[in-house]
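Visitor: Here's the letter readout for the chains.
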Amino acid sequence: MNKTWQVALHEYQRHVLTRRFLFGLFSVPFFMVILVGLIFLIISMNNNTTPLGYVDRSGLLAHPLPAPQVKLPDKPTPFRAFSDEATARQALQAGEIQGYYVIPADYLAAGRLQVVFTKAIKSVPRQQFYHFLEINLLANVESSISTRLIAGDEIIARSLDGSREMSSRNGWFGLFLPIIAAIGFIIAMFTSGGYLMQAVVEEKENRTMEVILTSISPNQFMTGKIFADICIGLTQIFAWLVFIIVGIRIASSSISFLQGIQVSPQLLILFVVILMPTFVMVSAFMALIGATVSEAREGQQMISLVSLPIWIPYMLIGLIIGNPNSPVAVTLSMLPLTSSLTMLIRQGVTILPAWQIALSSIISVVGAVFAIWLAGRAFRLGMLRYGKRLTWREIFSRRGGTA
Amino acid sequence: MSAVEVTHVTKTFGSVKAVDDVSFSIEKGELFGLLGPNGAGKTTAIRCMLDIFKPDSGSVSILGGPMDEAKKDHIGYMPEERGLYQDITLERCLAYLGALKGLSPSQVKESSETYLERFDLAAHKTKKVKELSKGMQQKAQIIATLLHKPDLLIVDEPFSGLDPINTQLVKDLLLQQHQQGVTIILCSHQMNLVEELCDRIALIDHGRTLLYGDLQEIRRKFSGHAVIVDTLDSLPSLPGVEQVDKFNGSLKLTLSPSALPQNILRELVENNINLDGFRIAIPTLDEIFIRVVKDESR
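Those protein sequences? They're chains D and R, same order as listed. Residues 1 to 403 (the numbering used here) are what the first sequence spells out, left to right. Residues 404 to 701 (the numbering used here) are what the second sequence spells out, left to right.
The set of hints was computed from the structure by calculation and includes no laboratory data. Treat the hints with care, as some may be off.
[Unchecked claim] Quick look at which bits of chain D chain R covers, simulated, 3 or more residues with Cβ under 8 Å:
id, stretch
1, 3-11
2, 206-213
[Unchecked claim] Label-pair restraints from in silico Cβ distances:
id, chain 1, residue 1, chain 2, residue 2, range
3, R, SER507, D, THR18, 18 to 28 Å
4, D, GLN69, R, THR492, 41 to 51 Å
5, R, GLU513, D, ASN2, 21 to 31 Å
6, D, GLN198, R, SER507, 48 to 58 Å
7, R, GLU430, D, LEU17, 41 to 51 Å
8, D, LEU35, R, GLU513, 51 to 61 Å
As the structure is a prediction and not an experimental result, all values here were calculated from the model. Just so it is clear, CB atoms sit at the ideal spot from N, CA and C, and this is done for glycine as well.
All chains should be built: construct the whole structure from the sequences, respecting the hints.
Guide: Set out below in structure tokens:
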């Protein structure tokens, strides 16, 4: 087997088959389950299955159609008709109902309702009552049309060349899915990058590097390590993806908004053409940091030089979502380290011009190649330097890289 | 044919000349001692030999030509400070280092098992390297260096941290490799072992070669024209003897430039001195080392 592969395989096994990695791998899904559980809990707190009363003076609900079915995590609230407001009030005071609506005689013309409660009616039963009213307002319309009216319209924005489109149905999930994916990717990138940096520092500290370099060239060694780093990160991402897909499959049977989830092909393209080169770039920078510092702690401090630019778009997320085609958003989309998160945020709210994707990708690839070159140079100079940090001046000096 | 040819090699780091115009040649199959105090430039010279560092000037020929990637599989290098992965098992560590030398998994297994048995480490192969004692790690490092049956072996302080039994084991191993035709460069501060094992040496200090050549020649050169006499009798004044000093329980007689040792022996016999021993005062390598390095410092 090629020596570069040997290095990659060794690095991969050394980090993936450890408790630390497995903990990292499973802790994220674990915390996601906790988070989803908390969301369910919060939603369920908005449920109230105590009946909701109504006094219909308009005649709309004289022979009411049943309320539309609700989907989990919502729970159905029973509706109870009262002939007059006094009876409804008595029921409310007795705690038999959580509140009641008064539908005035001119409701169809004025569209005005009154609501009476002792404690504010929560959003879930309130929404259910509105759907109940809507379905009865549309009682004389063909059911397929009434259902579609209640569901609302789907607006699809399409690019001029027809190659890209985005749907209003994606809603908040369509907006946040790329951001969540990018954040997951960045976490995986820095987790595996951290392993790479630490491994290089350790190999310097315990002199293993000196032995290795009498068997393999620095370039082969670094290439193997960067490749392993990317594979470690992708393993993490793949495991999380499997978990998310299985989770969505299981949950979609009871959570309505999960049923229509579609991953945009553009999102996958952005992963390949922008996030992957960024991953290579970050890996190379991690190798560079490992080669230049004299101890792991110092390396941890230097990681912020790489991580800070990556997270800048996250700090400006409001600005980017509010104006996804502003000069700031476009500029951040072009800069090597900021492009990945910026592009994925913008992808959720606008149609990205093809030229921007292409240019950002080219810049990311060039950035990755530059980072590998720089890391190689620093690696050759700093690989056997013990107890003394390599300076930027040395890396960029004419004799740099000839150790 | 030279296995290693170092010609006028200079390597500078900033304002420090780590290696300054160093030249030496090592014959194929030779057991060569590379000596020098700490920071003398030995390790930098070795790294230049192994192409880890590019010399600023001069040239290195190794195993018949410039260093290249293919030659790395024929060289075994054991650095002074141990270089093993601490958090993996010894078995896996050897498998990886062997694979990087181009060995197949079966070759690594066969070779490592032989050496693990020989070094009494077979029972510890499933332990993590960090769980092994210093001496065991030292032996493991030696195994990693020998796994691929190198043609050129460079060992830096191989006896460090070893007890007398294991020192003998490593010494025997080096001699066995030497007998099998392996070229060995031995860097060590243990001069008695260098004297015992090496035929030729180079002594480096402050990056420069201070001594280089046949060990016996060097010792003779430093003999200082003196003889050592073992006797309990008092010595009379002898012609040709300039000075008498006590020396390790014996007497060291410094001779005048024209005096010959055989004439001194005759004089001692004629004066009825009871002799327990008489020998030419050839200094040990340790003494030569100290003397040369001290002179250099002045």
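Visitor: Among the hints numbered above, which are violated by the structure, and what are their numbers in rising order?
Guide: 4, 6
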